[in-house]
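Participant: Chain by chain, the residues:
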Amino acid sequence: EPEVTQTPSHQVTQMGQEVILRCVPISNHLYFYWYRQILGQKVEFLVSFYNNEISEKSEIFDDQFSVERPDGSNFTLKIRSTKLEDSAMYFCASSEYIAGSYNEQFFGPGTRLTVL
Amino acid sequence: GNSVTQMEGPVTLSEEAFLTINCTYTATGYPSLFWYVQYPGEGLQLLLKATKADDKGSNKGFEATYRKETTSFHLEKGSVQVSDSAVYFCALTLGSGGSYIPTFGRGTSLIVHP
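Sequences listed follow chains Z and V, in order.
Sequential numbering of the first sequence, starting at 1, is according to this note's numbering.
Sequential numbering of the second sequence, starting at 1001, is according to this note's numbering.
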């Protein structure tokens, strides 16, 4: 069964460093998403991406974040200068696109980011 | 704004016990409601959903009824198994002009002992 994959499973970085989290969405999906979950808190939406551009983003997704689909299969989240409060589990998801309805999102297992 | 509130975990049960995980919501419109499950080491998976009042979503022995009068969508299962140990997330989306991006709760961890 097709699934969303994410690498690495755990990333440890120093404050101020750049990190890139990688995701491979399901191959025929057109919509891609990033979410994060700070330990003990809610899963929060960061950004959605469709047709090679950002479709929607939350107020969390500020200038330090960027997303890219560098080739036909990967979808990446870059954090330019990490802060301690960026420590969280980051989930990638993908969905088909059917206009005017909820499209089930399929989630990856997550990348745990620890900023020291 | 829109929000989802779930009961605090962990919920610890013995095998074959009855499960209820409470979920209530606030929404500016008429939401669709979902339960997602996350098994250890895996991503969130859609467990069940309901799109209008009094609808009952069901899957794998779990069920939840959309109660508009109490703005609730409690998850129930009559007899849990060890394999049901996971984190359960309640979520809502708003359609028809609103965003289809889910608003999630914090998740409730379920631990089932043999």
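To be clear, the hints were calculated from the coordinates, so they are not data collected in a lab.
Take these hints with a grain of salt, some might be off.
Below, simulated DSSO-like cross-link-like pairs (lysine-lysine); rule was C-alpha separation at most 27 angstroms, straight line [claimed, not checked]:
| # | chain 1 | residue 1 | chain 2 | residue 2 |
| --- | --- | --- | --- | --- |
| 1 | V | Lys1049 | Z | Lys57 |
| 2 | V | Lys1077 | Z | Lys42 |
| 3 | V | Lys1068 | V | Lys1052 |
| 4 | V | Lys1049 | Z | Lys42 |
| 5 | Z | Lys78 | Z | Lys42 |
| 6 | V | Lys1060 | Z | Lys42 |
| 7 | Z | Lys57 | V | Lys1060 |
| 8 | V | Lys1049 | V | Lys1060 |
Participant: Given the hint that V:Lys1049 pairs with Z:Lys42, does the C-alpha gap stay at or below 27 angstroms?
Facilitator: At roughly 19 angstroms apart (the allowed maximum being 27 angstroms), Z:Lys42 and V:Lys1049 satisfy the hint.
Participant: V:Lys1049 and V:Lys1060: Cα distance at most 27 angstroms?
Facilitator: The given pair, whose Cα atoms are some 13 angstroms apart, holds under the 27 angstroms limit.
Participant: Starting from Z:Lys57, check that the Cα of V:Lys1060 is at most 27 angstroms away, please.
Facilitator: violated (34 angstroms)
Participant: Please verify whether V:Lys1060 and Z:Lys42 have alpha carbons no more than 27 angstroms apart.
Facilitator: Satisfied, since the Cα-Cα distance of roughly 25 angstroms is no more than 27 angstroms.
Participant: With a cut-off of 27 angstroms on the C-alpha distance, tell me whether V:Lys1077 and Z:Lys42 pass.
Facilitator: holds (23 angstroms)
Participant: Check the hint pairing Z:Lys78 with Z:Lys42 against an upper bound of 27 angstroms on the C-alpha distance.
Facilitator: holds (21 angstroms)
Participant: Checking one constraint from the list: CA of V:Lys1068 to CA of V:Lys1052, max 27 angstroms. Satisfied?
Facilitator: Since the Cα atoms of V:Lys1068 and V:Lys1052 sit roughly 8 angstroms apart, the hinted pair holds (cutoff 27 angstroms).
Participant: Has the given pair, V:Lys1049 with Z:Lys57, been kept, meaning a C-alpha gap of at most 27 angstroms?
Facilitator: Holds - the C-alpha atoms of Z:Lys57 and V:Lys1049 are around 24 angstroms apart, at most 27 angstroms.
Violated hints amount to a single one, hint 7; each of the other numbered hints is respected by the structure.
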